[in-house]
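Novice: Chain by chain, the residues run as shown.
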Amino acid sequence: MKFDGARAMFVLFVVILIAAPLAAPQFWITLGNYIGLYSIVALGLVLLTGVAGQTSFGQAAFVGIGAYTTAYLTTRYAASPWLTLAIGLVFTAALALFLGFITLRMRGHYLPLATIAWGISLFYVFGNLEMLGGHTGMTGIPALAIASFELKDERRYFYLIWAIALAALWATRNLLDSRPGRAIRALKGGLEMAEAFGVNAARLKIIAFVYAALLACISGWLYAHLQRFVNPTPFGINQGIEYLFMAVIGGAGSVWGAVLGATLITLLKEVLQDYLPRLLGRTGNFELVVFGLLMVLLLQFAREGLWPWIERVLPKRRPRPIPGAAPLPSRGRTSESGALLAVRQARKQFGGLVAVNDLSFEIRHGEILGLIGPNGAGKSTTFALISGALPLTSGDILLRGEAIGSRPPYEIARRGLGRTFQHVRLIPTMTVADNVALGAYLRGTSGVMAAALHLDRAEEARTLAEAARATARVGLGAHMFDTAGSLPLGKQRLVEIARALAADPALLLLDEPAAGLRYLEKQELALLLRALKAEGMTILLVEHDMDFVMGLADRLVVMDFGEKLAEGLPADIQENPAVREAYLGGVV
Amino acid sequence: MDLTIAALLTQDGITNGAIYALLALALVLVFTVTRIIWVPAGEFVAWGTLTLAGLQLGKVPGTVGLLLGMAIVAGAMETWQSVRAAETHRLPRRLLVWSGVPIAIAASIWWLAPMQMPLAVQVALTLAAVTATGPLLYRIAYQPLAEASVLVLLIVSVALHFAMVGFGLWFFGAEGSRTPPFSSASFSVGGVNISVQSLLVVGTSVALIGALGLFFGQTLYGKALRATAVNRAGARLCGISPDFAGALTFALASLLCAFCGVLIGPITTIYYDSGFLVSLKGFVGAIIGGLSSYPIAAAGAWLVGLIESFSSFWASAFKEVIVFTLIIPVLLWRSLTTHHHEEDE
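Top line first, the protein sequences correspond to chains A and B. The first sequence maps to residues 1 to 588 in the numbering used here. The second sequence maps to residues 589 to 933 in the numbering used here.
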């Protein structure tokens with residue numbers, strides 16, 4: 001194996017962690033323990049905020065649930081701490097599911113507001129319930145023991161905390177690099193696109209929220225058995241806010257940002273709490289001012305946090321070549337005759353404006369149908385109706401005889417519809433291969449658990465091989481590991497097509513695929529589409545470029561003012577006087 | 589509970605609700621125009637009370653120092669931007685607005701504070717000081733990020749909340765303050781005792797809501813803000829500067845918060861960190877209105893006031909729990925009635 005710089009840095013980090021309790025003074029061990037506990041919580045926020053684009057100020061409350069569950073059950077019922085961990089996790093998951101369900105189906109800002117409110121509520125519940133010891137808290141929590149090996153000593157406990165923190169880092173990284181991970185990464189900024197490839201966005205957001213809550217709960221459980229005493233103070237809303245600051249300062253886009261942020265905030269707080277009161281000659285938590293101002297400056301000048309700066313000087317991971325693997329299960333092309341897709345009296349009204357007026361047409365198996373028309377004819381609205389981006393006002397759309405009108409896009413995708421977007425919708429920071437692999441989302445089955453524990457590798461290998469084939473198919477084999485955002489527009493359009501191909505669709509919807517392409521690129525695209533047709537793919541092509549459509553389509557549907565103007569073979573359409581008038585204003 | 593207590597609690601609830609309603613309106617205003625979830629609104633309320641309390645003791649309140657500091661930072665930012673954009677001919681006017689006016693307000697407070705002016709003047713000075721802080725905060729902290737996502741703006745808000753609480757502790761100390769009531773008179777209607785102070789609070793609140801309605805309905809600036817709330821890009825194309833709209837919104841909203849602070853002072857003891865809970869109660873009202881409807885937000889805030897007042901009688905230890913848990917059924921109802929899935933901004 002060749003020397004891998006990134007791996008060497010990681011090994012160095014682990015060696016430091018192993019050596020620290022043997023040599024470091026007590027003070028540093030205590031700090032190290034807290035950094036580990038905070039890192040676990042911040043890691044959850046990396047997934048939730050940095051990756052999924054949601055946020056929570058109430059993580060401290062989940063930490064509190066983990067801590068109080070074990071405190072109460074171990075002191076009152078002498079329950080085993082390992083059992084109380086499981087109970088705490090179940091309790092947290094139920095609560096997070098409920099909160100996620102009521103907030104995450106709406107726009108982003110309701111979740112953070114709800115977490116603030118609920119973080120405060122829970123703080124008062126902890127402080128006012130007699131059975132939880134009120135504001136004075138609970139003492140006498142037993143020490144953890146693995147078999148007969150007691151973890152009473154902070155130095156021993158250090159190993160447990162960091163073993164769990166590293167396991168959480170590993171699991172989170174695995175998750176990000178997997179089928180559900182790619183979908184979660186697409187939630188921020190690519191929601192509509194992700195749904196078009198079968199991702200149920202609301203469900204994934206809830207999963208990310210539950211994942212973050214469970215990590216917080218584990219951290220709370222560890223905290224309770226480290227301190228062997230709990231009171232409400234460390235679970236208040238201010239601590240919840242500090243957890244978020246850790247994730248943001250460290251860099252919410254990377255798992256190591258969580259560790260960096262937890263370290264920086266912990267050390268900074270230590271220093272500030274020491275110096276500021278002396279400087280001002282008064283006691284009080286003046287570090288709030290510094291934290292607050294620091295965050296504002298950071299968001300104004302380095303919104304991605306500090307980790308990207310460190311990453312730049314660290315040795316880079318080389319991309320691993322994608323080995324060949326068996327293809328994913330395929331839909332199989334049926335050589336049926338008749339209509340694959342039937343649009344029946346489809347109508348879309350925006351208030352008084354009729355954008356699509358009782359439109360009917362059919363797409364037959366294995367043909368390329370061109371949908372054309374002047375600007376404002378209703379082509380894009382029709383496209384949106386078929387793909388489910390817009391609900392129908394009336395009428396119906398049948399895919400293989402099954403009504404798909406007004407279903408959400410992720411359900412239509414499941415029924416065999418793959419599409420591209422007129423305005424390219426790629427995740428610019430992900431590689432081309434990852435972007436394309438997102439297209440194969442519905443062809444895989446592995447969930448969050450399997451991904452986090454790396455039990456999905458066989459399927460993942462097949463998915464990536466599938467993505468590599470689709471990428472090579474559109475002629476971008478050389479750009480497999482480039483970030484999608486670094487490609488020119490023409491190539492980005494091809495990535496869009498590769499992603500749709502990876503979905504193995506029965507019907508391929510292409511929204512102006514030739515726009516922005518140069519002459520030679522258009523010719524290559526036409527070749528590709530013909531080859532796909534030869535393999536039995538059915539294609540609906542919405543296009544402005546007449547030469548491109550005329551040479552490619554088997555049949556054409558012409559729209560004008562929301563209605564079907566004509567339908568037929570390209571040669572007939574070119575001779576159709578009504579079409580000529582619509583396009584050329586009747587001058588000829 | 590007998591009728592007298594119920595009447596008393598209702599009166600308390602309506603009085604507090606009037607204050608929360610003003611806050612809820614300020615929060616809806618700020619969110620619709622700028623997309624900012626204005627968490628530090630509560631600190632403006634607390635600073636209103638604490639500034640007035642300081643003036644009543646004849647002291648120069650700490651707000652003055654902050655006003656000066658912000659005026660200098662904003663002036664420096666304007667200078668830097670004007671020089672970089674080669675617009676130095678516009679600089680004097682910008683400096684006058686962003687530094688001159690706040691410094692003039694700070695100076696007049698510094699000069700008048702020890703003179704023990706009548707209450708009305710003290711209130712006017714308080715309103716001026718707190719109101720001036722709002723646009724400065726927007727200029728310094730939010731305007732450079734105006735195009736960022738709601739999420740980033742929210743994190744900035746929370747960071748500012750942190751900073752302002754810390755500054756509050758520094759300026760006003762850890763002791764709480766309570767300002768004397770504007771009137772201690774009361775009268776009886778059908779056996780129910782009504783205090784003039786309560787009437788004053790509710791009256792002021794209703795008058796302000798009315799004034800706000802007139803401002804949005806009748807004036808050009810009000811219409812400009814409404815246009816910005818409906819369509820930011822469109823308003824911009826019509827010549828409404830988003831920076832100006834933001835600053836104006838923050839001026840209005842912090843004026844409302846300052847009024848809240850003046851009104852709440854005689855009712856509760858306010859500490860440097862009391863603002864957060866107060867603003868969150870305003871938020872519960874605003875969320876009931878979906879962060880978009882003024883009348884529903886105001887009604888929701890009054891509901892919060894009433895629930896708070898009654899739960900403090902039945903379960904005073906869980907008063908806050910009850911008020912903030914109210915948000916759960918509200919969100920549940922909103923989530924079940926919202927069917928479409930909106931793309932996050």
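The set of hints was computed from the structure by calculation and includes no laboratory data. The structure displayed is predicted, hence computed values, not measured ones. Warning: the hint list may mix true and false statements.
Claimed, not checked - Listed next, the stretches of chain A that the computed footprint assigns to chain B, with coverage defined by at least 3 CB atoms under 8 Å from CB atoms of chain B:
| # | segment |
| --- | --- |
| 1 | 61-75 |
| 2 | 279-285 |
| 3 | 299-305 |
| 4 | 547-555 |
To be verified - Stretch by stretch, here's where chain A covers chain B in the computed footprint (C-beta under 8 Å, at least three residues):
| # | segment |
| --- | --- |
| 5 | 601-614 |
| 6 | 650-662 |
| 7 | 788-798 |
| 8 | 817-823 |
| 9 | 916-922 |
Said to hold, decoys possible - Short derived list, chain A residues pointing at chain B, Cβ under 10 Å:
| # | residue |
| --- | --- |
| 10 | Q54 |
| 11 | T55 |
| 12 | F57 |
| 13 | I102 |
| 14 | T103 |
| 15 | L104 |
| 16 | N128 |
| 17 | Q227 |
| 18 | V289 |
| 19 | V296 |
All residues carry an ideal CB built from backbone N, CA and C; glycine is no exception.
Novice: Are the hints correct? Go through all of them and say.
Specialist: Cross-check of the supplied hints:
For a cut-off of 8 Å, the count of residues in the segment 61-75 of chain A with a CB near a CB of chain B stands at 0, and the three-residue condition is violated. Counting residues of the segment 279-285 of chain A whose beta carbon lies closer than 8 Å to any beta carbon of chain B gives 4, which meets the minimum of three for the stated coverage. Only residues whose beta carbon comes within less than 8 Å of a beta carbon in chain B count, and the segment 299-305 of chain A has 3; three or more means the coverage holds. Here's how the segment 547-555 of chain A fares: 0 of its residues keep a CB closer than 8 Å to some CB of chain B, so the rule of at least three is not met and the hint is violated.
With 0 residues having a Cβ less than 8 Å from any Cβ of chain A, the segment 601-614 of chain B misses the three-residue criterion, and the hint is violated. Counting residues of the segment 650-662 of chain B whose beta-carbon sits less than 8 Å from any beta-carbon of chain A gives 0, not enough to reach three: the coverage restraint is violated. A count of 0 residues in the segment 788-798 of chain B with a Cβ less than 8 Å from any Cβ of chain A is obtained; the coverage claim is therefore unmet, three being the minimum. Taking a C-beta to C-beta cut-off of 8 Å, the segment 817-823 of chain B contributes 0 residues in contact with chain A, too few for the three needed, and the coverage statement is violated.
Look at the segment 916-922 of chain B against chain A: 4 of its residues bring a Cβ nearer than 8 Å to a Cβ of that chain, three or more, so the hint holds. The restraint placing Q54 (chain A) at the interface with chain B holds, with a minimum CB-CB distance near 8 Å, inside the 10 Å limit. The interface hint given for T55 (chain A) is met, as the beta carbon of that residue sits about 6 Å from the closest beta carbon of chain B, less than 10 Å. Residue-level restraint check for F57 (chain A) holds (minimum Cβ-Cβ distance to chain B is 7 Å; threshold 10 Å).
A least Cβ separation of about 5 Å between I102 (chain A) and chain B falls short of the 10 Å threshold, and the interface hint therefore holds. For T103 (chain A), the suggested interface contact is upheld, since its CB lies about 6 Å from the closest CB of chain B, less than 10 Å. About 9 Å separates the beta-carbon of L104 (chain A) from the nearest beta-carbon of chain B, less than 10 Å, and the hint is met. Hint status for N128 (chain A): holds, given a least beta-carbon distance of 4 Å to chain B, under 10 Å.
Here the hint on Q227 (chain A) is broken, as its CB sits about 25 Å from the closest CB of chain B, past 10 Å. Here the hint on V289 (chain A) is kept, as its CB sits about 3 Å from the closest CB of chain B, short of 10 Å. Using the Cβ-Cβ criterion of 10 Å, the hint placing V296 (chain A) at the interface with chain B is satisfied: the shortest such distance is roughly 5 Å.
Figure legend: structure checked against the earlier numbered hints; hints not met, in rising order: 1, 4, 5, 6, 7, 8, 17.
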